[in-house]
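S.K.: Could you build all of it, start to finish, from the sequences and the hints given here?
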Amino acid sequence: QQPVQSPQAVILREGEDAVINCSSSKALYSVHWYRQKHGEAPVFLMILLKGGEQKGHEKISASFNEKKQQSSLYLTASQLSYSGTYFCGTETNAGKSTFGDGTTLTVKP
Amino acid sequence: DAGVTQSPTHLIKTRGQQVTLRCSPISGHKSVSWYQQVLGQGPQFIFQYYEKEERGRGNFPDRFSARQFPNYSSELNVNALLLGDSALYLCASSLGPSTVNSPLHFGNGTRLTVT
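Going line by line, the protein sequences match chains A and B.
Our numbering applies: residue 4 is where the first sequence begins, and numbers increase by one.
Our numbering applies: residue 539 is where the second sequence begins, and numbers increase by one.
Everything labelled a hint here was simulated from the structure, so no lab data went into it.
Values in this document were obtained by computation on a predicted structure and should not be read as measured data.
C-beta atoms are modelled at their ideal positions from N, C-alpha and C, and glycine is treated no differently.
One or more hints might be untrue.
From the derived model, a few chain A residues whose C-beta atoms are all more than 10 Å from chain B [claimed, not checked]:
#1 TYR32
#2 GLN72
#3 THR101
Below, simulated DSS-like cross-link-like pairs (lysine-lysine); rule was C-alpha separation at most 30 Å, straight line [claimed, not checked]:
#4 A:LYS62 <-> B:LYS590
#5 A:LYS70 <-> A:LYS53
#6 B:LYS590 <-> A:LYS29
Below, a sample of chain A positions facing chain B; criterion: calculated Cβ distance under 10 Å [to be verified]:
#7 LYS29
#8 ALA30
#9 PHE47
M.R.: What follows is the structure, given as C-alpha cells:
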C-alpha cells in the first residue's frame with residue numbers, strides 16, 4: 004500500500020518555509036525523498052533509516068518517526084530552485100519501494 | 539560518470555502491439571527497478587532485478603515482463619498494449635537490492651503513448 008503525502012500542493016514565496024508529510028499504514032524499514040522537476044527524472048534527496056534520525060541537505064531536512072510510521076520533509080528559506088514535485092518512497096520489503104502521489108511545491112519570487 | 543540511460547525517449551504504439559524498453563544502469567550498480575508513472579501520480583513499482591534475478595514484482599498483469607542481462611542492463615516488455623499503458627516508464631538503478639543501503643537513481647524515462 005502506497006504512503007500518503009500531504010499536502011497535495013504548496014505555494015510559497017521565496018524565503019518562506021514548508022513542511023511535507025508522508026505517512027504509511029505499514030511498518031517501514033526506511034523512507035527516502037526525491038524531487039522531480041517537470042519533464043525530468045526524480046532526483047534523490049535523502050534517505051532516513053529506523054531510529055528516528057534526522058538528515059539535512061542544504062536547507063532541506065527530514066525526520067522519520069518509525070513508531071508513528073511517518074516522515075516529514077522540512078524546506079527552510081525556500082529558493083526558486085526548490086520548485087518541483089516531492090515524492091516520499093517507503094520500503095517495507097527489500098526490493099520494493101512504494102511512492103506516494105507527490106506534493107507539488109511552487110516557489111514564487 | 540554516465541547516469542542511468544533509457545531508450546527510446548519517446549514511443550508511439552497502437553493497441554495490441556508489443557513494446558520493449560531498455561535501460562542501462564550506472565556503472566557498478568547491480569540492481570535495476572522499473573516504474574510506471576502516470577501524469578499526476580507517483581511512480582508505481584513494476585519489477586526489480588538484482589544480479590539477473592527477479593527480486594520483486596508489483597501489481598501489474600502478466601503482459602508485463604522484464605529481464606536483466608549479464609552486464610546488468612535491463613529490458614521491460616509489454617505485450618498486447620492497452621490505452622491505459624500510456625505513461626512514463628522510469629528505470630532506476632541502485633548498488634544493492636535494498637534502498638536501506640543505496641538510494642535509487644532514475645533515468646529520464648521513456649514516454650509511451652498507446653493510440
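S.K.: All hints, please: hold or fail.
M.R.: Verification of the hints:
{"no.": "1", "hint": "TYR32", "in the structure": "violated (5 Å)"}
{"no.": "2", "hint": "GLN72", "in the structure": "holds (16 Å)"}
{"no.": "3", "hint": "THR101", "in the structure": "violated (6 Å)"}
{"no.": "4", "hint": "A:LYS62 <-> B:LYS590", "in the structure": "violated (39 Å)"}
{"no.": "5", "hint": "A:LYS70 <-> A:LYS53", "in the structure": "holds (9 Å)"}
{"no.": "6", "hint": "B:LYS590 <-> A:LYS29", "in the structure": "holds (29 Å)"}
{"no.": "7", "hint": "LYS29", "in the structure": "violated (14 Å)"}
{"no.": "8", "hint": "ALA30", "in the structure": "violated (13 Å)"}
{"no.": "9", "hint": "PHE47", "in the structure": "holds (4 Å)"}
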